[in-house]
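Asker: Here are the chains, one letter per residue:
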Amino acid sequence: MPEPPNRKARAKSAPPTQENRDSDRPTLSPPFDVEAFARATAAAGAAPAGEGPPTVRAEVRAEQVTLTNEVELEIARAKSKRRTTPPRRANTPTALSMANSRVPSATNVPGARPAPAVGAVRSPAAPPPPAATPPAADAEPRSMSPSSIEAAVLGAIGSPAPEITERTIEDPIAEMRTRFSLGDYSGALEVAELLLAEDPADAEVIDCADKCRTVLEGMYAARLGSLEQVPAVIVQRTQLRWLSIDHRAGFVLSLIDGSSSLEMILDVSGMPRLDAMRILVELIAQRIVALR
Amino acid sequence: MERVIGIDLGTTNSCVAILENGSPTVIPNRGGYKTTPSMVAITEAGKRLVGHIAKRQAITNAENTVYAAKRLIGRKWNSPQVKNAVATSSYRIVQGPHTDVRIVLRDKDYSVSEVSAMVLQEMKVIAEDYLGETVSKAVITVPAYFNDNQRQATKDAGEIAGLDVIRIINEPTAAALSYGFGKNYEKTIAVYDFGGGTFDISILEIGANGVFKVVATAGDTFLGGEDVDARIIDWLVQGFKEEHGIDLRQDRMALQRLKDAAEKAKCELSSVRETEVNLPFIISSGRNEALHLQRTIDRKTIEDLSADLIERTIDICRQTLADARLEKEDIEEAILVGGMTRMPKIQQAVADFFEREPCKGVHPDESVALGAGIQGSALIDDKQDMVLLDVTPHALGIMTQGGYFEELIPQNTTVPTHRTKIFTTSRENQTAVKIVVMQGESERAEDNELLGEFILTGLRRAQKGAIEIEVTFEINADGIVSVHAKDLETAKEQSIEVTASSGLTRDEIKDMIDGAKDYMVERRSTEELEATKQEAERLIGEIERLFPQVEQIVAASDFGRDAIEKARAILGKARQAIAKREVVAIKAEVEGLSRTHRMFKGVVAKTH
Chain A
1 MPEPPNRKAR AKSAPPTQEN RDSDRPTLSP PFDVEAFARA TAAAGAAPAG EGPPTVRAEV
61 RAEQVTLTNE VELEIARAKS KRRTTPPRRA NTPTALSMAN SRVPSATNVP GARPAPAVGA
121 VRSPAAPPPP AATPPAADAE PRSMSPSSIE AAVLGAIGSP APEITERTIE DPIAEMRTRF
181 SLGDYSGALE VAELLLAEDP ADAEVIDCAD KCRTVLEGMY AARLGSLEQV PAVIVQRTQL
241 RWLSIDHRAG FVLSLIDGSS SLEMILDVSG MPRLDAMRIL VELIAQRIVA LR
Chain B
1 MERVIGIDLG TTNSCVAILE NGSPTVIPNR GGYKTTPSMV AITEAGKRLV GHIAKRQAIT
61 NAENTVYAAK RLIGRKWNSP QVKNAVATSS YRIVQGPHTD VRIVLRDKDY SVSEVSAMVL
121 QEMKVIAEDY LGETVSKAVI TVPAYFNDNQ RQATKDAGEI AGLDVIRIIN EPTAAALSYG
181 FGKNYEKTIA VYDFGGGTFD ISILEIGANG VFKVVATAGD TFLGGEDVDA RIIDWLVQGF
241 KEEHGIDLRQ DRMALQRLKD AAEKAKCELS SVRETEVNLP FIISSGRNEA LHLQRTIDRK
301 TIEDLSADLI ERTIDICRQT LADARLEKED IEEAILVGGM TRMPKIQQAV ADFFEREPCK
361 GVHPDESVAL GAGIQGSALI DDKQDMVLLD VTPHALGIMT QGGYFEELIP QNTTVPTHRT
421 KIFTTSRENQ TAVKIVVMQG ESERAEDNEL LGEFILTGLR RAQKGAIEIE VTFEINADGI
481 VSVHAKDLET AKEQSIEVTA SSGLTRDEIK DMIDGAKDYM VERRSTEELE ATKQEAERLI
541 GEIERLFPQV EQIVAASDFG RDAIEKARAI LGKARQAIAK REVVAIKAEV EGLSRTHRMF
601 KGVVAKTH
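As they're listed, the protein sequences go chains A and B. Going by the working numbering, the residue at position 257 of the first sequence is 257; the numbering climbs one at a time, nothing skipped. Going by the working numbering, the residue at position 388 of the second sequence is 388; the numbering climbs one at a time, nothing skipped.
What the hints contain is simulated information worked out from the structure, not anything from laboratory work. Note that this is a predicted model, so its numbers are computed, not measured. Beta carbons are placed, not taken as given, at the ideal position from N, Cα and C, and that holds for glycine. All the pointers check out, no bait thrown in.
Computed Cβ-Cβ distance ranges for the label pairs, DEER-style:
no., chain 1, residue 1, chain 2, residue 2, range
1, B, K47, A, I206, 19 to 25 Å
2, B, S285, A, D275, 17 to 23 Å
3, A, E193, B, K47, 21 to 27 Å
4, A, D275, B, R356, 55 to 61 Å
5, B, K300, A, A232, 32 to 38 Å
6, A, G183, B, V86, 46 to 52 Å
7, B, G572, A, A232, 30 to 36 Å
8, B, V554, A, A232, 35 to 41 Å
Construct the entire structure; sequences and hints are all you get.
Answerer: Here is the structure:
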């Protein structure tokens, strides 16, 4: 990569705090029963100091995972984007405000396993969450996000949610160009789409957005392989509701019937091809779906 | 002998059948389904989707998905049915250049016949794939109430799809044919047809020597199984709203899933007493949580939800019998047609009304297509004796003084027929009369369909009512209507032949035929490319699987190293050809890949 990311924009962001560093922690299971801990602390009203989480946190941070695969990075970025408050515009008409921190994991709790102690949604008719077994026989055990877990714990003991900080991009065109030149196509596309919302006729931005989409589609297509392949859901039907996916992925999942090819699913998804491809890659990466 | 296929071009689903070894057979589509949704969509990328694939994205791509085009075919822009469709359809309907109707998909206008042709073309492909030969002749069914323009528009759709439509027959007639095929019935039957989008009731007389006559027909073009689906969706949406405070209708993806689930639940409840609707991750709560919909629905609930719809169908049956001056006792058999008639409550309602158990001897989804297939075969096979007597679906007459409609040929009159009536002048010294030919049942002329008009001139100047004009209506066996007006005093005559029009010119139809041909060529070449590509990819996969073993074997010997290099080169060239999507190049590589695969298999087999 020729240049580091936009320093100017970064300079305006809030200094790293314990809380926003925590929100970037990796996806690893903590070595204790989180749900039990959450229930216990919720019942007790407060956790006694020195019990459980503090020592675990340090261990988790030490095992930070580095994503090196470009596609995985894009998936992670997309996930992060969905969990993040949409970038807000600055007061000045020429500037764009971009959120630079992820939404606190407290809002991201229920995903993998709804825990009643922290107010996750569960249908009255729904069965209790399964024990800590993998959802499918051939699927590897899925880990819960530590940030989600900690949020569950923090939520249970009434800890305030971490703050969301913002930064302002004074020159979004330059930001878009920089991101593109750095190979951050997803980020460049994000800025381009914001710019297009203000000026849909900007030729340079349209061109950049198109290029980004082409590159990203190429990446996902390479990951998916032949679009004639037929995806199949490998998670048991009864276990589906405990997966950590959003409603868009849920929709794509509902289109997978074991006989429709990837191409057909992309056709019928009704969402932009790029989004549908990203979700499919994500479902495969999470071992919810396998290709035949 | 050339095969003739029978096509039931339905409002919601279509079906194709043939007579095979003397037995009528429905042809399944590629997915194994015997019916294909009559839906057409154009994707964002401009790809045409027809059938199940179009249905699966019908809500998420609602503006560009056409359903129930049959409600619009052959209708004029200003007809009440078109106005209703404009108000309720998710796709754009606009006025065509000849007061006809056009549908806008991805900024391109399509005539309704063109859209129906896409469905017919799909049915043709299904038949061709099954038979392994080109099919060019077809019998297509239409509702008994279709007027001449609608029948002509359906014929045009067939022509655009590359089919020679040798006969258009009425749906209840086709169902009755399927019911009476091979049996020597002589009875009066009622065909209760409750499909996905429409309801029809027809009374037929099956006479000796295979004569089928439609005695009466009526229906509702906006009443069908989809209305029941809508009720179930409402019930699910309401329940979810009460539980979570979220209206699922606001989210298209959620609505698409609800639609599919509602239809599935409806079908299941015909055979089981309760079923579960389980839609995980149906919507986001807005707090980064996905909510699930899980509800159990039982048969009683769906019966309550659809009770008034069922009652509407019975009301129409009652009215139809009254119009035909028939009593319930006159009906010797009630035949159930259409998917909705699987619902036990409907079967009970029909049994209660006709005071007899309905016949379940015909397949509700397939009988119409099977009947069309039987008729198609009979038309090319002289050995089969079958006479179909059809009736005029609507009354024919002329407009008279004050904007009234004077009927000459009543509804349900068997064709061919002719009727004559004497009219007089309505003004003093009137020297010309305008004969306005119409079709319909309303006393008010403006509510009926205009078929044509002409003027009879040269009348003697006289007091009003003094000049007598004889008007004769004639319908020949081909359904062509001619109207003659004759001044009885001078024997001066004027006439008109009413030719049905779909609203398309010959040039337009020719362009559409060319477009459909181009589409088929492109589709077939894409299919060929995909099949060749898949074969190449399969061989590449097989060779790659054997490669390590062969390499190991070759490494231990003094021979075969160049063969390994050659195999690598072949794999590389094949991958390049696949990437370029060139069918000729891929085909050329498949040969090399097959050779390599055989060689690798041989090497491994010999070693083991």
